[in-house]
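Modelling step: build the complete structure from the supplied sequences, incorporating the hints.
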Amino acid sequence: MRSKEIEEITEEEPVVTKGKASSGNEVLAGKYRILLANPLPELDTPSASAYAAENIENPSEPLFALVPEVVFPFRRKTAEALLKASLPSALPLRHYEPVFLPDRNVSRMVLIYARPLGGKVMPEGKVTRPFGETEIMGKVIEPFVSFLRELDAMSITCRGIRPDNLFYLDEAKTKIVVGDFLAANPASEQPMFAEDIESSLCHLQGRGEGRNAEDIYSLAVTTLALAVGSVPEFWLKDEELLAMKIEVGSYTTMAKRFEDFTFMLDFLKGCLADYSEQRWTVDVLGLWLSGKKVPFLGSSRGRCASRGYLFNGNTYFLPRSLAIAFVKNWKLATEDIYSESFSAWLSRAFGDDVKLSEEFAALKKESMTRVNNPAQKDILLAETCMLLDDKAPVRYRTLSFMPDGLGALLVNAYQTGEELTPFYEVIANVIPGSWKGIMPENVGYSPALFSSLAAEIKSNNWGSGLERCLYMLARTCPCLSRLLEKHYVENIEALLPSLNEAASTEDTKQKPIDRHIAAFIACRFAGVSPQPFETMSKNQEYMFLEAMILLYALVQKHYGPQTLNGLSSWIGGLLVPIVESYYNQNIRKRIEADIPKIIRKGSIIELSAYLNDVQIRKEDKEGFTSATKEYIYTVKEMEELEQKRPEMKKYSAALGEQLAAIIAVSTVLIVAFSLLISFLF
Amino acid sequence: MAKKKVARAKNKKSQSSFGMGWQFLILLLFLPVFLLSMPSVVFLLFAMLPSIVALIAGNSTTPFRNLCLGAMNLAGALPFLFHLWMNNHSFEGAVDILFNLSTLLVIYGTASLGLLLYHLLPIVVGLVIEIFLNAKIRRLQIEQEDLLETWGASVVSVANKVLKKKQAS
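First to last, the protein sequences are chains P and E.
Heads up, the first sequence is in this note's numbering, so the first residue is 3 and it goes up one at a time.
Heads up, the second sequence is in this note's numbering, so the first residue is -15 and it goes up one at a time.
Where hints are given, some of them may not hold.
[Said to hold, decoys possible] Below are the DSS-like pairs computed for lysine-lysine, each with C-alpha atoms no more than 30 Å apart in a straight line:
hint : chain 1 : residue 1 : chain 2 : residue 2
1    : E       : K149      : P       : K623
2    : P       : K540      : E       : K120
3    : P       : K141      : P       : K86
4    : P       : K620      : E       : K149
5    : E       : K150      : P       : K638
6    : P       : K366      : P       : K393
7    : P       : K620      : P       : K591
8    : E       : K150      : P       : K357
9    : P       : K357      : P       : K333
10   : P       : K623      : E       : K150
11   : P       : K79       : P       : K366
12   : P       : K540      : E       : K149
13   : P       : K623      : E       : K120
14   : P       : K177      : P       : K86
15   : P       : K646      : E       : K149
16   : P       : K620      : E       : K150
17   : P       : K559      : P       : K631
18   : P       : K603      : P       : K488
Worth flagging that the hints you see were computed from the coordinates, not collected in a lab.
This is the structure in C-alpha cells:
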C-alpha cells in the first residue's frame, strides 16, 4: 500500500539542526575542547572519567573535563550557583554542557573544571602527613564553614566533602578545595564513614540532596581524617562502623580516641551529633570560630527498650537496630511483625511510652484493609521500620532511599536494568508519603507529590506509569529513551530537534516514540492534552500513529522548530496503517498522493491537521456503513435467487404448459375465425 | 378415522353418479345433432383420432397436454371440416377427404405440432427465466465488485460478520 512517493520521501536525508562538532578524539563543549585521547586517571571520580581539556581562547589555562559514566538527574541549580558564585573552597567550575561522545556513542553532561595543580590532599588508601591545628583551622575548617554558609544561603548542598575529594588548587599547596560533587547523584560517592547514620542506611544513589547538616557531618569526618593523617586508623568495615555508630554514636566511634585534638573536640562533638536536630549548624559553627562559647546540645542515640527483642537469633534493644535487622531479613520480618511477641514487646519494653504500641496497632488495623493487595505484608513492614526509626530512609524490600532521592535511584535502576517491581509497589502504595523524617525544603518534596504519583503509576496509558513517575521525581533527568541516547534531551524544547537528528541515524522502521518519550512529554509539557495519550493506549495501530503525530504537532506548535524534515520523513514512512485505516480506496489514493507534499514541508502540525480531519473520517465511516449494508443486501438477494432456482424451474414448466395451451387454443380460434370470415365474405 | 374413510367413499360415490348423469344428459342433447351431421361426426372421429387416443390413454396430471393436442388437432381439421360443410356434406365427401393422404398429414401434423408445442414451450420458458435469473445475479455480482473496488476487502469481512451474527441470532 505504501506509495512510491512516500518511500522516496523517507529516503531523503533529514536536515540536521543541532550537533556538536567533533573530530576523532576531541569534542567541543562551548569554547572548551575535551581531549578524549588524553585521560587523567588521577582526577577520575568513582563515577566519572577525567580527561584533559583546554580553553580554545586561552589554551594555557590548566583544565580538565569530567565525563560521567551514566545519565543521572543533573543538579543544574547547584552547578549554576557554582559557576556564578565562584566559591573559593570549591574546585572552580568553568563550564558544563551535554556533549556527544563519539567513542561511546552517547551523550553525557560534561563538566569542565580548573585543574588542581597541587593534586589530592589525601589520596585514597594512602597515609599522609597529619595536619596541625593551624592548618586544620586555617585551610579546612574556616574556609569550609564559610563555603557551607554560602551554600546554605543559596539553599543548595555539596554532598561531596570527603578526604579523597579534597585538592590543593595551587602548586604551592596553600589552598584546599573540594573536588567535583556534580558528576554523580548527591552523596553517591561518599563512603559510609563520611555520611551520617541515616544517609549511610540509604542506597548510594538514593541519598538525595539532603540538607546542610549532612555536609557539616562530612566536614567533621574529613577534618578528623586530615588531623589523623589517615583513614584506616578508625575506618572499620562499613557494617561494623555503622553498627558502632548506632550503638555508641558517631563521635565515640570515630573521634573519642583522638581526645588530644583539644582545639576541635567541641567542633567534632557538635558536628558528629547523630541526630541532625542536635548537630551544629553553620551559624553555630560561625559562633564557635569567632571564639564564643557554644552550647553543646548533646548526642542522643534514640529510644532504648528496657528489654530486648529476639529476632533471627539476636537480641535488639534499640528500635533503630531492630529496623535494620528487619530490612536485612525482610522476608522473615514480614512474618515476625505479625507475631504476638512483637506487639507485646512494643507495648511493654518502652515503659510508659505507649505511642509506639498504639501506632503499630493502628498500622496493623490499616493493613487489614489491604487484604487483596499482594504487597500487604511488605507495606506493613516498611511502615513498621519507619515507626521504629522515623529518621531513617524509606526502606522497602531491596530499596532504601530518602524521599528526595527516589528519582535518582529510579533513574539508576532504569540504566542498570534492576528489578523495577519494588519501585512500582513503593509508589503505588504511597509508602514515602508515610515518611516522618525531616525533608530538605529546597527539593520541593511534598507528600501530595507521592499521592499524584500513585495515581499516575496505576494508569497503563502511554505518558503514565513508572516512566512518568521517573520524570516527575527527577525533574532534571534527561529523556532515557533509547532513541535519544546520543542526544541529551533535558527539556521539552530539545526533544523534536533531537528526534529530527536521530532520524538520520536510527532505524526508521521503528516508531519515533516510546514510553519514555511519551512520559517525558506528559511531564515536561505543562498543560498538554491527555487525549493523545489515551488514544495511543487503545491498541489500534493507526490510532496510535495519529495520536503520536498529534502529540508531536502539539509539541512543535508550542516549542518549535517550524521545520522538521528528518522527523516528518521518519513519520511519513510509517503512515501505511493510517492510509489503510480508511475504507474508501479513493480516499486512500488521495492521501497517498497528498502526504509526500506535506512531508516535504517538514511541518508535523500540517501533517496532523491533514490526517486528523474528522470530516473525512466521518464520511469514510458513513460511506463504509452504507456500503456494507448494500453488500449485505446483494448477498441476501443472491442467496434468495439461488434458493428460488428449483422453484423457478417448476414454475417455468407449468408456465410453459399453460403458454402452449394458450397458443394452441388461440391458433384454433384464429383458424376458426378466419374460416368464418372467408365463409361470410 | 374409520368414519372419515366412510365419508370420503360416500363423497366419491356421489361425485361419480353426478358425473355420469351429466354425461348422459349431454349425450341426449347432442344425439339429434349427432344423427343429423353424421358425415361431420365421422370426419371428426377420424381427424381427431390423436386427441381421442391421448384423451383415453393419457395419464397427464394437467389438462394442458390434451388441450394443446386437441386444439392444434382441431385447428388442422377445421379447414377440411369447413370444406366438407361447404361442398359435399355427405358420408362419401367425408371419406374422400379422409382418404386424402395430404389431408391426414396436415391434420395429424398440426396435432403433433400441438404436442411439440406442449413439450417445447416449458423448456423455452425455463431457459428464458434462467437467463433472466442469471442476469440478475450477474448484476448483483457487478454491484459487489464495485463495492469491493471502492471500499476494499473489509466490506466483505464486515458484511460476513454481520450475516453470521444474524444467522446465529
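**Study point:** 30 Å Cα cutoff - pair K540/P, K120/E
**Key:** 44 Å, violated
Practice item. Would you check the hint for K149/E and K623/P, treating anything up to 30 Å between C-alpha atoms as holding? Key: Satisfied, since the Cα-Cα distance of roughly 20 Å is no more than 30 Å.
Review point. Under the criterion that the straight-line Cα-Cα distance not exceed 30 Å, is the pair K559/P, K631/P satisfied?
Key: With Cα atoms ~42 Å apart, K559/P and K631/P exceed 30 Å; violated.
Check your understanding: Is it true that the CA of K141/P sits at most 30 Å from the CA of K86/P?
Key -> 23 Å, holds
**Study point:** Given hint K149/E paired with K540/P - CA-CA distance at most 30 Å
**Key:** 25 Å, holds
**Study point:** K177/P paired with K86/P [C-alpha distance capped at 30 Å]
**Key:** 20 Å, holds
Exercise for review: Starting from K603/P, check that the Cα of K488/P is at most 30 Å away, please.
Suggested key: 26 Å, holds
Exercise for review: Assess, step by step, whether the Cα of K620/P is no farther than 30 Å from the Cα of K149/E, and give holds or violated.
Suggested key: 25 Å, holds
Point to revise | Distance restraint between K646/P and K149/E, which requires alpha-carbon spacing of 30 Å or less | key: Answer holds: K646/P to K149/E is near 24 Å, not above 30 Å.
Exercise for review: Verify the proposed pairing of K150/E with K638/P, using a straight-line Cα cut of 30 Å.
Suggested key: With a Cα-Cα distance of about 12 Å, the restraint between K150/E and K638/P holds, given a limit of 30 Å.
Review point. Is the straight-line distance between the alpha-carbon of K620/P and that of K591/P 30 Å or less?
Key: 17 Å, holds
**Study point:** Holds or violated: K623/P to K150/E, with C-alpha atoms at most 30 Å apart
**Key:** 21 Å, holds
Checked against the numbered hints listed earlier, the structure breaks hints 2, 8, 11, 17; every other hint is satisfied.
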